[in-house]
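Enquirer: Given the coordinates of chain Y, assemble chain Z onto it according to the supplied hints.
Protein chains in written order, with the working numbering: chain Y, 213 to 321; chain Z, 92 to 260.
Everything labelled a hint here was simulated from the structure, so no lab data went into it. All clues stand as given, with none of them false.
Computed footprint of chain Z on chain Y; a stretch qualifies when at least three of its residues, placed anywhere within it, have a C-beta under 8 Å from a C-beta of chain Z:
| hint | region |
| --- | --- |
| 1 | 255-264 |
| 2 | 279-288 |
| 3 | 301-312 |
Quick list of the computed label-pair ranges, beta carbon to beta carbon:
| hint | chain 1 | residue 1 | chain 2 | residue 2 | range |
| --- | --- | --- | --- | --- | --- |
| 4 | Z | ASP247 | Y | LEU285 | 29 to 35 Å |
| 5 | Y | ALA294 | Z | ILE136 | 20 to 26 Å |
| 6 | Y | VAL280 | Z | ILE125 | 17 to 23 Å |
| 7 | Y | VAL311 | Z | THR209 | 21 to 27 Å |
| 8 | Y | ASP215 | Z | LYS239 | 41 to 47 Å |
| 9 | Z | ILE136 | Y | THR223 | 39 to 45 Å |
| 10 | Y | ASP215 | Z | PHE108 | 31 to 37 Å |
| 11 | Y | THR223 | Z | THR201 | 44 to 50 Å |
| 12 | Z | VAL100 | Y | MET213 | 42 to 48 Å |
| 13 | Y | MET214 | Z | PRO190 | 40 to 46 Å |
| 14 | Y | MET213 | Z | ASP238 | 45 to 51 Å |
Glycine is no exception: its CB is placed at the ideal position from the N, C-alpha and C atoms.
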Amino acid sequence: MMDSVVNALTTAFLILGVFFMLTGAIGLLRFPDFYTRLHATGKCDTLGEVLILLGCMIYTAYHGMPFVVFKLLCIIIFFFIANPTGTHAIVKAAYKTGVKPWRVGDERR
Amino acid sequence: MKRSVSAVVTFVIMYVFWLLISACLWAHHGIDYIRVVGGIICAGIVTAFSHKHRLLFTGEEENVLIKTMRFMLYAPWLLWQIALANFDVAYRVLHPEMPINPQVIEFDTTLTGDISRTTLANSITLTPGTITIEVKGSRFRVHAIADKPAEALTVDQTMQKKVAHVFME
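This is chain Y alone, in the form it adopts within the complex (with noise of 0.2 Å):
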């Protein structure tokens, strides 16, 4: 019983985290300059990892592997701090180049 509800509640997470990474991806496609594209990857990412994690955290807890969920955890933090930072390194960069940001009505780019 425990077994299946423990299953259940990994595979919702690594759904959901799946569900994140590729609406990132198809934001990417979809949206129309560098600026939008960065929001749909830098964030939808983030999320969709964690909650991969999440879930293999859940499942290594069930089996008896408490240094893994440590370790997990430790990883989830570090994505926390590393992910925006990235970001935000990268649209300065772009900003200070002078890419100019989309605005409605422009011409996709």
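Expert: For chain Z alone, coordinates are given in the frame of chain Y:
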């Protein structure tokens, strides 16, 4: 906190972190002494280095405990905001008409400390719909994907108030 105390705190935290990561006290064949001793050496090196260059726990911050506790309370709220706002961006991506209105906004923050400004900038970038482009002094330049996330920053300023509360400013 005195500087010697802060060195001890750094060492203990580093060593506990090492023990948790390497899991050498709970190995199948008993305690793994090489790793236990290696941890002491590595934690010592990190402590000496960070102490000399004043990287971690310098003992100059005030009310570290209260700030840490408040940050622990701030983190779940931020996670919830990230989840909520992510659904918003997913909606904008998948909607056939793509309801976006990208804009660059600027606003002044009331925060004064380096760490609090970094926290606010990173929180802004984490919450979908907004990316911090540039921070110059107290001026934040932010790229927002639509009107709603932009207004949340310039009009409501909930996040800024929360960060100010965390860092007691």
